[in-house]
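Trainee: Sequences and hints are given; from them, build the entire structure.
Chain by chain, the residues:
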Amino acid sequence: MELSGTAEDASANSDAKSLAELQELLFGEYMRHVQHLRNRLDDADLRALEDSKVLAQSLTLSAKRDPKLKMALQPLVEESLRLSVERDPAMLAGALFPIVGEAVRKAVAHALQQMFDSMNAILAQSFSLKRWRWRFEARRSGKTFAEVALARSLSYRVEHVYIIHRKTGLLLAEVTNQANLLQDADMVVGMLTAIQDFARDSFTSEKKDDLEVIQLGEFKIWLQHGPVALLAAVVRGQPPASLRNLFLVRVEQIHKDFHSGMAKFESTGQAVPGIEAGLDECLVEDANAGKQSYLKFKIAGVLLLAAMAGALFVHIRYLHRWSNYLDALQRQPGIVVIDDQRKGRKLFVRGLRDPMAIVPESLLSDYRLPAKNVSEHWEAYFSLDPRFANVRRLDAEATVLRKQAVRFEVDSIKLPIDQLALVDTVADEIHELAADAASQNRQLHIQLYGHTDTTGTDEHNNQLSQQRAEAIVHSLVSRGIDASLLSAAGLGAKEPGHVTDEAEEQDLDRRVTFQVDLTPKAN
Amino acid sequence: MTHKKVCILGAFGVGKTSLVARFVSSIFSAKYHTTVGVKIDKKDVLIGDQPVTLVLWDMAGESAVSRLKTTHVNGSAGYLLVVDGTRDETLETAVKLQKEVAVIIGDAPFILVINKTDLMEEWTIDPAELEQLRASGWDVRMSSAKSGDGVEQIFYDLAARTIQPAGDADVQQ
Ligand SMILES: Nc1nc2c(ncn2[C@@H]2O[C@H](COP(=O)(O)OP(=O)(O)OP(=O)(O)O)[C@@H](O)[C@H]2O)c(=O)[nH]1
Ligand SMILES: [Mg+2]
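Residue numbers (our numbering), protein chains in the order written: chain X, 1 to 523; chain S, 524 to 696.
Hints in this document: simulated from the structure, not taken from any laboratory.
The structure presented is a predicted model; accordingly, all values stated were derived computationally and were not measured.
Do not rely on the hints blindly, as some may be mistaken.
What the hints assert, rightly or not - Using 25 Å as the maximum straight-line C-alpha spacing, the simulated SDA-like pairs for lysine to any residue come out as follows: (1) X:167 with S:679; (2) S:554 with X:191; (3) X:264 with S:554; (4) S:566 with X:376; (5) S:566 with X:276.
Claimed, not checked - Derived list of chain X stretches under chain S, where covered just means 3 residues or more per stretch with a C-beta under 8 Å from a C-beta of chain S: (6) 186-192; (7) 256-269.
Built from N, CA and C at the ideal position, the CB exists for glycine as well.
Mentor: Here you go:
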């Protein structure tokens, strides 16, 4: 068995070997191939490497065939974009810069241009002196102000559009919104063409250069040239550059639509039917800015009126104060206003003033008039106003009484006979004084002083003088004078009445005098 | 409405402006204001039953200092060549002008106008020369802007010829 086994083994071995050889011979190649494929499938790294080679291609293919792929990818892409921006915004910004920069520059340039344009328009309109020129112009031309203002404050308005056949200079079509603005279109158009020819012949080095703008007083004529026809737009105001585009498009359209008609025009001279259709779209205007500036004008007007009203009010109030002040002066006793004048804010007043009247300048502050603006000239006079007359009379009466002196004999208190009449007079005077003082609300008090001559002792003289004063008080009271108005005092020889030392002058020392006090009555 | 551009050409002072004024507004002035550049006028006329608007380009006269602006002639349907009968040299100018214009606009109809017939006794122009031009096919007329003689007829005839179908234009009568 062993042998056979060995033999069997040997034969089996050789069988297996030959089988393997056979296998190798028959399938070796395929088996290695299968092994290789299996390796490729099992080895993740390798597969990734291989997929990566065709990924782009397969994505492209499937994107073409199946829109679902895009939808499936979209959230992924968005999310990763978001993540990437979150993580490093600078990176994306850097990547976008060249595009964004260009876009921003364009936008800014555009915005700037618009800003400049509108600024120019505003500048062109906000010059307020212009308004007055418009008024003047309106008056001169017989138009209404509104008409002139509108015409001038419109930021622009296309008044007239001509389509001109270039070669003949003849009119192909026209539209206008102001029929009588310009004279006959045929002639205007002819002149335009002639002007252009002239400009081209005279000024441009290249004969092909076209005249683009003609400035004619308040009008601009914009010319937009096409090969056969030319569009001339008469524009008032400040047209924006963008208006050219509108004209350009129109000219192109006309050349497209009416080419054959226009080509025949020179020989036929026949109007090209339909060419004016839609031309009125070129009669654009920007009334917005006009209205706005008109509003500005109104506001300015209202403000101006308000300012004028304010100034007028201040002025009137000033005049009003002045006239009130003058009235008050007139009402004052002892003041007569003769003349008043006003030069601008300077005020002048001239008149008569009783010295007893109030000081006129002291009233200025009551009427809020600045003293520096007022110049006053007053002549003195005595007013006959009863208020002053009474006061003056009272003073006069007091003065008279103060000068009275009742005389006495040597060393006597007995009223001499020749003095009786004087005492009567003094009593009358005191009566009147008392009545007047009462009527003028003044308190009257009369102090009687007794005097002696310088002979004799002081003691005796004091006593004597006291007795003389009391004697007169007694006489006056007996003549009906209120005793409470009077008081008596003796001054002895202290206030002699003589002037020289002659003996007979001593007679003047022996007397009673009167001191009159008038004080405002306190009630 | 048919529009036609017509040029008035000739030496200076021959009466171009006067002819246009006579035709358009029936006026004449003995004052001479020389035309600078070009002056444009227009007149609506009826040729048969067809209304035609003539746009008249009254050019500055030819002189030593001003030369014909060829661009102004462009697009003309016809033209007048004006000559002053009292100045024979103006005929030479007209003949010279005709040659220049023909180069620019080709065989457009034109009329040679000998102006100032009211001053006929002062004319210096040679009638034989006019006959020669007639014989060569030119339409030669006479006019007076002052009296108005012949003026209207000249403009109407030129207008009529501008609206004739092309080809008949240079057929002279
Ligand atoms: N007697 C007479 N004078 C004429 C006649 N036509 C024109 N005139 C005079 O001639 C002068 C010149 O006339 P215009 O019509 O100005 O001449 P123009 O050809 O236009 O001159 P330019 O513009 O300088 O080229 C003027 O003084 C006219 O009055 C005419 O028929 N008879
Ligand atoms: Mg002239």
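Trainee: Is residue 554 of chain S close enough to residue 191 of chain X, meaning Cα to Cα at most 25 Å?
Mentor: Measuring from Cα to Cα gives roughly 24 Å; hence the hint holds.
Trainee: Holds or violated: are the alpha carbons of residue 167 of chain X and residue 679 of chain S at most 25 Å from each other?
Mentor: holds, 23 Å
Trainee: Between the segment 256-269 of chain X and chain S, are there enough contacts, at least three residues with CB-CB distance under 8 Å, for the coverage claim to hold?
Mentor: This one holds; 4 residues, not fewer than the three required, reach chain S with a Cβ under 8 Å.
Trainee: Using C-beta distances, would you say chain S covers the segment 186-192 of chain X, given that this needs three or more residues below 8 Å?
Mentor: As far as the segment 186-192 of chain X goes, the hint holds, because 4 residues have Cβ atoms under 8 Å from chain S.
Trainee: Between residue 566 of chain S and residue 276 of chain X, is the straight-line Cα distance small enough, at 25 Å or below?
Mentor: holds, 23 Å
Trainee: Taking 25 Å as the top limit, are the C-alpha atoms of residue 566 of chain S and residue 376 of chain X close enough?
Mentor: violated, 83 Å
Trainee: Quick one, are residue 264 of chain X and residue 554 of chain S close enough, alpha carbons at most 25 Å?
Mentor: violated, 41 Å
Taken one by one, the earlier hints fail for this structure at numbers 3 and 4, listed in ascending order.
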